[in-house]
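Undergrad: Spelled out, the chains give:
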Amino acid sequence: MQTYIYSLVSMGGIAAIMATGLGIASRAFYVERDERIDKVEEILPGANCGACGYAGCSSFAEAVVNGKAAVNGCPVGGEKVAAQIGDILGQEASSSEKNIARVLCRGGLKETKKRSEYRGIQTCKAVEAVNGGIKTCQYGCLGYGDCVQACPFDAIKINANGLPEIDPDKCTGCGNCVKACPKGIIKLVPVSCESHIYCSSHDAGKTVRKICELGCIGCGLCVKTCPVDAITLEDNLAVIDYEKCINCGLCAEKCPTGTINFTGKKVKSIKITEDCVGCTLCARSCPVDAISGEVKEQHEIDPEKCIKCGLCYEKCNVNAIEIEYE
Amino acid sequence: MAELNYIILIFISTVFINNFVLSRFLGICPFLGVSKKVETAFSMGMATTFVMTMTSVATYFINNFILEAFNLTFLKYVSFIIVIASLVQLVEMFIKKASTVLYKALGIYLPLITTNCAILGMALLIPLSGYNFIESVVFGFAAGVSFTLAIVLMAGLRETLKFADVPEALQGVPITLLLAGIMAMAFMGFSGLISI
Numbered sequence: 000m001q002t003y004i005y006s007l008v009s010m011g012g013i014a015a016i017m018a019t020g021l022g023i024a025s026r027a028f029y030v031e032r033d034e035r036i037d038k039v040e041e042i043l044p045g046a047n048c049g050a051c052g053y054a055g056c057s058s059f060a061e062a063v064v065n066g067k068a069a070v071n072g073c074p075v076g077g078e079k080v081a082a083q084i085g086d087i088l089g090q091e092a093s094s095s096e097k098n099i100a101r102v103l104c105r106g107g108l109k110e111t112k113k114r115s116e117y118r119g120i121q122t123c124k125a126v127e128a129v130n131g132g133i134k135t136c137q138y139g140c141l142g143y144g145d146c147v148q149a150c151p152f153d154a155i156k157i158n159a160n161g162l163p164e165i166d167p168d169k170c171t172g173c174g175n176c177v178k179a180c181p182k183g184i185i186k187l188v189p190v191s192c193e194s195h196i197y198c199s200s201h202d203a204g205k206t207v208r209k210i211c212e213l214g215c216i217g218c219g220l221c222v223k224t225c226p227v228d229a230i231t232l233e234d235n236l237a238v239i240d241y242e243k244c245i246n247c248g249l250c251a252e253k254c255p256t257g258t259i260n261f262t263g264k265k266v267k268s269i270k271i272t273e274d275c276v277g278c279t280l281c282a283r284s285c286p287v288d289a290i291s292g293e294v295k296e297q298h299e300i301d302p303e304k305c306i307k308c309g310l311c312y313e314k315c316n317v318n319a320i321e322i323e324y325e
Numbered sequence: 000m001a002e003l004n005y006i007i008l009i010f011i012s013t014v015f016i017n018n019f020v021l022s023r024f025l026g027i028c029p030f031l032g033v034s035k036k037v038e039t040a041f042s043m044g045m046a047t048t049f050v051m052t053m054t055s056v057a058t059y060f061i062n063n064f065i066l067e068a069f070n071l072t073f074l075k076y077v078s079f080i081i082v083i084a085s086l087v088q089l090v091e092m093f094i095k096k097a098s099t100v101l102y103k104a105l106g107i108y109l110p111l112i113t114t115n116c117a118i119l120g121m122a123l124l125i126p127l128s129g130y131n132f133i134e135s136v137v138f139g140f141a142a143g144v145s146f147t148l149a150i151v152l153m154a155g156l157r158e159t160l161k162f163a164d165v166p167e168a169l170q171g172v173p174i175t176l177l178l179a180g181i182m183a184m185a186f187m188g189f190s191g192l193i194s195i
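Top to bottom, those sequences are chains A and B. Letter 239 of the first sequence, counting from 1, is numbered 238 in numbering that gives the first Met the number 0, and no numbers are missing. Letter 18 of the second sequence, counting from 1, is numbered 17 in numbering that gives the first Met the number 0, and no numbers are missing.
Bound-form chain A, shown alone (with noise of 0.2 Å):
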């Protein structure tokens, strides 16, 4: 029982003595610290997970402050905390807009070929440094989830399919997933964008229906399709230019392999009505071309030029144009 008390106050009355002096301490060396930068440490997510390019939130919040960082440079904040740092440095944030994390390759257990089997560490870094893997296609996802450990938002879970899927609400484009993909097949994208090329194989065409049902094979068809040029075909394979991209869905129509999917609205039929005043924007607007009229007089859209891809209906100022999706 003595021990008890004796330990108890010993220890107690050291702590105690180191803790008056410290506190002492911080009087005596007290630094003044810019308010605003605990102020924005607060509004940011404090997930620490480097995305904006610094060490942690709380780096980048002094970095903000000091104006060496963008009030918009957090990514997984997005507009909301970038408004709210806005309001405390009394400056503008410029919209950016969101990107999410995509898998550009659907070939998963159903849709390739195993060519081998791995019995080593389970993590694709591992697998990737066997020769590359164990799918017949050298550029695929290799399912063995580097990305799901490189989440810090818990947004990518690997499917029934052995392909990892990405919960778009949950992802914040940090790009943690993007450096830790060996096979470089994950990009931020766009939230709003709406068609993708889920394919990353540089194989020929004729490879690449053999050994994945899914493969983009290089045949240009949404090349040609696209009616703002946004998609090349880069070595084999067709790439999209989300800048460019209208999310009219065209191509995901033509593609013969299904490697491009479309998650947007498909316009089913527009045209202008009576309420038009000929401002002339969406003739202006459309990527083809379809719509004519003189100005301060009605439009029209002919039908056989127009691709329906619902641009000149969000162009229009004064609700003069009927969509109906399908």
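One or more of the hints may lead you astray.
As the list claims (entries may be wrong) - Here are the simulated lysine-lysine pairs, BS3-like style, with alpha carbons at most 25 Å apart: (1) B:LYS95 <-> A:LYS38; (2) A:LYS178 <-> A:LYS124; (3) B:LYS96 <-> A:LYS67; (4) A:LYS304 <-> A:LYS223; (5) A:LYS264 <-> A:LYS169; (6) A:LYS38 <-> B:LYS96; (7) A:LYS67 <-> B:LYS95; (8) B:LYS103 <-> A:LYS38; (9) B:LYS103 <-> A:LYS67.
Stated by the list, open to error - Distance windows between CB atoms, simulated: (10) A:ILE157 <-> B:TYR76: 43 to 49 Å; (11) B:LEU111 <-> A:ALA125: 27 to 33 Å; (12) B:PHE73 <-> A:SER115: 55 to 61 Å; (13) B:LEU111 <-> A:GLN1: 36 to 42 Å; (14) A:SER115 <-> B:GLY180: 37 to 43 Å; (15) B:VAL100 <-> A:CYS278: 58 to 64 Å; (16) B:VAL100 <-> A:GLY263: 49 to 55 Å; (17) B:PHE24 <-> A:ASN65: 38 to 44 Å; (18) A:LEU21 <-> B:ASN63: 19 to 25 Å; (19) B:PHE24 <-> A:ALA14: 26 to 32 Å; (20) B:SER98 <-> A:ASP86: 30 to 36 Å; (21) A:SER25 <-> B:TYR76: 23 to 29 Å.
For the record, the hints were derived by calculation from the structure and aren't laboratory data. Glycine included, C-beta positions come from ideal geometry on N, C-alpha and C.
Fit chain B to the known structure of chain A by using the hints.
TA: What follows is chain B alone, placed relative to chain A:
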């Protein structure tokens, strides 16, 4: 006179023969982590030396007048760590106030002095060695000097290493570890210099 000789012997044997880093292999983490530039390495050594000297003072009193007096030697680790942690906090506050540049250069290694095993090792060696108060303080200070010596030498070597043609496979950490090993072997040459 004999006492003074003994103290000098303690100092020399701690710094050279039983060098904390290169012979006892304590404090390897900051030894490899902060040894990229001589300047920061020296500051790190100074911070560690301060903490070590103060710790040796505190541990001598705590050990002799509290722990052994009340038969509480089993609380050695706990009490020493409290002292070390508090002193590190103090150093951190001081450096933050005195030099922001240095504070940033030391980074995470500054609070990590707390877990620097060289300091706890030194604190635990004092009760074992049976030193009196002055000898303990000299031992603590010498331990800090030995750490500073090792880390500054290492930083100097690593600075010149940048100009060396290192084989690709050995670049970065491997060559640093090799260097540390060679330095440890070099310090073995001091053994037998004196015997206490």
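Undergrad: Against each hint, give a clear statement of whether it holds in the structure.
TA: Evaluation of the provided hints:
no., hint, result
1, B:LYS95 <-> A:LYS38, "holds (21 Å)"
2, A:LYS178 <-> A:LYS124, "holds (11 Å)"
3, B:LYS96 <-> A:LYS67, "holds (23 Å)"
4, A:LYS304 <-> A:LYS223, "holds (15 Å)"
5, A:LYS264 <-> A:LYS169, "holds (22 Å)"
6, A:LYS38 <-> B:LYS96, "holds (22 Å)"
7, A:LYS67 <-> B:LYS95, "holds (21 Å)"
8, B:LYS103 <-> A:LYS38, "holds (21 Å)"
9, B:LYS103 <-> A:LYS67, "holds (16 Å)"
10, A:ILE157 <-> B:TYR76: 43 to 49 Å, "holds (44 Å)"
11, B:LEU111 <-> A:ALA125: 27 to 33 Å, "holds (31 Å)"
12, B:PHE73 <-> A:SER115: 55 to 61 Å, "holds (58 Å)"
13, B:LEU111 <-> A:GLN1: 36 to 42 Å, "holds (37 Å)"
14, A:SER115 <-> B:GLY180: 37 to 43 Å, "holds (40 Å)"
15, B:VAL100 <-> A:CYS278: 58 to 64 Å, "holds (59 Å)"
16, B:VAL100 <-> A:GLY263: 49 to 55 Å, "holds (52 Å)"
17, B:PHE24 <-> A:ASN65: 38 to 44 Å, "holds (41 Å)"
18, A:LEU21 <-> B:ASN63: 19 to 25 Å, "holds (24 Å)"
19, B:PHE24 <-> A:ALA14: 26 to 32 Å, "holds (31 Å)"
20, B:SER98 <-> A:ASP86: 30 to 36 Å, "holds (33 Å)"
21, A:SER25 <-> B:TYR76: 23 to 29 Å, "holds (26 Å)"
Of the numbered hints listed earlier, not one is contradicted by the structure.
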